[in-house]
Each structure stands twice: as C-alpha cells, then as structure tokens.
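Undergrad: Now for the letters of each chain:
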Amino acid sequence: MAADLLQHALFMVLTISIYLPSLWLFRHCHQWVLLHPLSSACVLLGIFLWALDIEYADYQRGNRLFYWLLGPSTVALAVPLHQQFDRIRQLAQPLLLTLLFGVVAAPLCALSIAWLLGAQPDTLLAITPKSVTTPIALGIATEIGAVGELTAGVVIFTGVVGALGGPWILARLGLRDPRLVGFTLGINAHGVGTARAFEIDPLCGAFASLALGLTGAITALTLPSVVLWLGQ
Amino acid sequence: MATVAQNLIATGKGLALLIAFLWLGEGIASYTDAPVPGSVLGMLLLFIALRLYPGNTPGWLVDTARRLIALLPLFFIPAGVGIFYLPDRFADQWPALLGAIILGTLLSITLTGLLLKALSARTASPLDDPERHR
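Chains as they are written, first to last, in our numbering: chain A, 1 to 232; chain B, 1 to 134.
Rather than coming from a laboratory, the hints here were simulated on the basis of the structure. Small disclaimer: the values here were computed from a predicted structure and weren't measured. Any given hint could turn out to be false.
[Said to hold, decoys possible] Derived list of chain A stretches under chain B, where covered just means 3 residues or more per stretch with a C-beta under 8 angstroms from a C-beta of chain B:
1) 82-91
2) 179-187
3) 209-218
The beta-carbon is built from N, C-alpha and C at its ideal position, and this holds for glycine as well.
Chain B on its own, in the form it takes in the complex (with noise of 0.2 angstroms):
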C-alpha cells in the first residue's frame, strides 16, 4: 500500500511540475503575443531549467515524463478521428489531399532521411555507439 502511495504522491508531484511549465509557457505566450504555443514554450522552460539544474533530475519527474509520454498515442485519437471528418466543401479536392498527404509526407521522410544520413556520415561521430547497449 505504501508504494502505491509514494507512487501516487511522485506522480502528482511530476505532473504539478509539468502543468507549472505548461502555465508558465502559456503566460509568456500571451502576454509577448509569440507564434509558439505555450506548451512548446514550457518544453523549451523547462529544458533550459533541468541544464542549470546541478543536481540529478529528480526521479519522480523522470517517471512521470516517461508515463506521460508513453500515453501520447492515446492522448492523439480523439483528434485523429477527425480524418473523417474533413470539411464537406473539400469533398472533390481528396485525390489532391490523399496524395499530398501520403505521398507528400512519404517523399519529404525520404529526402530528409537522406540528406541527415548522408551529412551526418560525414562527421566522425559514430553511428551506433557502444554506450546504449548497456
């Protein structure tokens, strides 16, 4: 029961951190009238203050980002419902957006994809490193 407790109590914590951020990046966002939203903004806060941080990030805010970020997918399907649901005055453009959407995405994943392996051959850095087989 304890550890159930704790873990509630680490989670809770994580997430009061987390909305800070996210209140904070929204703030900024409207008040300095910034194209970026308040959530990236808070992404970029608090990445700025884990480097200045000179301790260890603290567990329960590891954990909590891990869980979080691993829900994603479910956090995205109300939205990816809404394929079907495109505007009705659109109903002829769909061969235009099938294929700017599919075969758009697939092309621009290819030339991206081939230009970052090619650039990045190119630096010394070694592509599999030892390190993450641990």
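Same shape as in the complex, but just chain A (with noise of 0.2 angstroms):
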C-alpha cells in the first residue's frame, strides 16, 4: 500500500518535472508549436518510459488524479462560458449551423483519408467519434462495438494534432478571430483544442468550451444510432 503510494507520488512528480521545463522552453522560443507541452513533454515522456522499462498502464494508474482533475476543469469551463455569453449569444445562428456541418465533417474527413489509405473496418469504426472529448468517444465506442484503447489513443492524438495544428492552419488562411478560432478548436479538437484556446485568449477559450459540450453532446446523441443503422 505505502509502495504503491509512493510509486504514484513518484509517477506524478516525473510529469511535473518533465512538464515544467517543457513550458519554460515553450514560452522562451516564441511559442513555437512544435515545442508545446503536448507534443514535447509526451514525447520526452515517451522516451523516458522506454528507456525505464517502465509499463505505461503503471505510469497511467499513477497519474490518475490528473485524469480526475479533468472532471472539475470541465466544469469549470462554465464560468468563462457564462462570462462571455453575450458575446457568444451575437454569433448564435453562424456558430449553430458550423456546428451541425462540423459534426458531420469532423468524422467524414477522417473516415474516408481512412478509407483511400487502406483502412480495415475494425479501424474506421474506432476513429469515427475521434473529435469529441475522450469520455464521450469512449462510451460511443462501447455502443458501436469499437476497440476503446485504440479510441482512446486516436481521440488524444487528434487533439493535440487539432490543438497545435489548428490555429497556424487557421492564420493562414485568414482567420484570426479568436471567436471563430475557438468554436473551431472546440469542435475539432475537444478539450485539448480548448486547453490551447484559453492559452491564445480568455474569449477564445469560452467560445471553445461552448463547442466542445455541443460537439460532444450532439455526437452522443446521433452518432451510436448512425453507425448502427448503417451497420444494418
């Protein structure tokens, strides 16, 4: 019990401690993306793992309070959501029909890359609720009979793709409004996204939560029975 304790204690403190010097050299290279704690410090991390020999499902289990902490930041999201409302209540017709055609597309896009690429079944099934915050997919996954692990894998990847990806894709195509890069990172990208969107702008992130619970509960609500009825 008290090695088990402090095996986790330890695991927590190794993220932290590969987690702190990773933003430091974030901030101090002009924020390229490439350099965010997403991909560097999962990649250090990684490495770390390997040269350890140590099991991830051990590393996973001891960092579980992380995990659980995304439940009361989740909530959270709520309160900038509230404190921008006015300004999200303005955008409301644009921002509802994006978010009906982005649901749909969201998982389109990747299914048919999927599909030209050689993709097996097993696997277009497992990347279809890839754009929606990880315990939605993971319950989707369950309805539609999907490997979860590989879900669960697919969905994170896509976030931290979208979350770093999405913003330099978007500047370059003119778009700069935080509002509208928001709602797209929350759409796309889930939690990851509106984590990055909070670090570009408060009013950012709070047009990327609003999309990130719409995504995610619009997704749940149609997408099992879709696939289903498509199954048939």
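These two chains come separately, so use the hints to put the complex back together.
TA: Pasting the structure below:
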C-alpha cells in the first residue's frame, strides 16, 4: 500500500518535472508550436518510459489524480462561458450552423482519408468518434463495438494535432478572430483544443468550451444510431 | 502569510463547488443513463446556475476556474503519452491512422473554419470588437 502510494507520487512528480521545463522552453522559443508541452512533454515522457522500461499502464495509474482533475476542470469551463455569453449570443446563428456541419464533417473527413489509405473496418469504427471529448468517445466506442483503447489513443492524438496545427492553419487562411478560432478548435479538437484556445485568449477559450460541450452532446446522441443503422 | 491562507481558502471553496457540480452531474448521468458524461452535465448545470445567480460571479470561483483551466494541458499529458501505446494488432494500420488523424483533422478544421468565417461575415456583428482591447 505504502509502496503503491510512493510509486504514484513518483509518477506524478515525473510528469510535473517534465512538464515544467517543457513549458519554460515553449515560452522562451517564441511559443513555437511544435515545442508545446502537449507534444514535447509527451514525446519526452514516451522516451523516458521506454528507456526505463516502465509499463504505460503503471504510469497511467500513477497519474490518476491528473486524469480525475479533468472532471472539475471541465465543470470550470462554465465560468468563462457564462462571462462571455453575451458575445456568444451575437453569433448564435453562424455558430449553430457551423456546429451542425462540423459534427458531420469531422468524422467524415477522417473516415474517407482512412478508407482511401486502406483502413480495415475495425480501424474505421475506432476513429469515428475522434473529435469528441474522451469520456464521450469511449461511451460511443462501446455502443458501436469499437476497440476502446484504439479510440482513446486516436482521440487524444486528434486533440494534439488540432490544438497545435489548428491555429496555425487557420491563421494561414486569414482566420484570426479569437471567437471563430476557438469555436473551430472546440468542434475539431475537444478538450485539448480548448486548453490551447485558453492560452491564445480567454474569449477564444470560452467559444471553444461551448463547441466542446455541444459537439460532444450532439455526437453522443446521434452517432451511435447512425453507425448501427449503416451497419445493418 | 494572511494572503497565502486567504488564497488557499478561496481555492478550496472554488474546488469544493466545482466538485459538487461534478458529482451532481455524475449522479444525474448515472441515474438517467444519459450518454453525456457527468463532467459535461456538471458544466451545463453550473452554467445554468451562474445564469440564474442574481449577483456577480464570486471572485474565488472565477480565480479557481482560471487556475484549473490554465493547468488543463498538464492534466492531458498522461493521456497524451498513450499515443505511443496503440494496441499492437493495429500495427499494420498506421498509415491509415496517421492519415486520418493528421490530414483528416486539419481538413475538417479548414472546412469548419472557412464555413464559420463565411457565415459570420454575413451577420452584421463586427468581428473585432473594441471592448476586448481595453
């Protein structure tokens, strides 16, 4: 028991002691996006675990507190959402229309590219809920009979790609309005995109929070029925 | 010293309220078999509560929320490391997986971003509102 607690504490210290220097490096290198802790700390930790021959399952169990803190942090998104609600209401119509499009476009883009590259049916099933927040995606994976472990990896990878590549690609398309960038990140890159949006601007984050919640809810309510209906 | 203690109490109060809403959301989710996780329901419930609350949002809640949200990337890192541990039996599927995740995500971001830009240009609301740059 005591040894277990010590191991958990050590794994959390490991995460923090790689996260902090990664954050420092990111801030001192003109916020160059490839150095964002979401990529650099993950890669460094991956190398570290591999070099020390540590099982990922053990490491993950040790960091359960961080995973659990995602719960109250998600609830906390209601605060900026409330503070920015008047600005959100001004854009209600374009936001809703884009949301309905995005809920369909995000899985469809991924599925068509995977299919072109020769994905097996199992792989296609597992990537379908890739743009929604992990707990919703895992719930959907169970309902449609996809491999949960693969879905979990795909979802978090999607979040990292969207969070890091999204603002970059949108800036190149002339899209810099924090409200629009935030909403686009929330639709396509769930919580990880939302975390990134708050770093860009609190307004950006509020719009991402809204998109994260709505995309998750709509997808959870519709996607399983659509997949089961197509599978018949 | 007094400010440190005050800060701790404020953060504790904020955390306690957020956890209360999380548990409320989780309770409702498991009771009604809702497909939406408790944290998302908790966010919705807190949002409704803040809308109905007549006064200003308490400072301790705003501060705790801001601190937690700033730490979100840290909370995601243990899950992010999982990218390197995809199940072995999908090993031969990596081109499709990488293509779907990288190209698919950037493609859908491009499409939704452009659509949102086109739609919001038509509504009269100004895209850069000066209030933000106080």
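Undergrad: Of the hints stated earlier, which fail here?
TA: Per hint list: zero violations.
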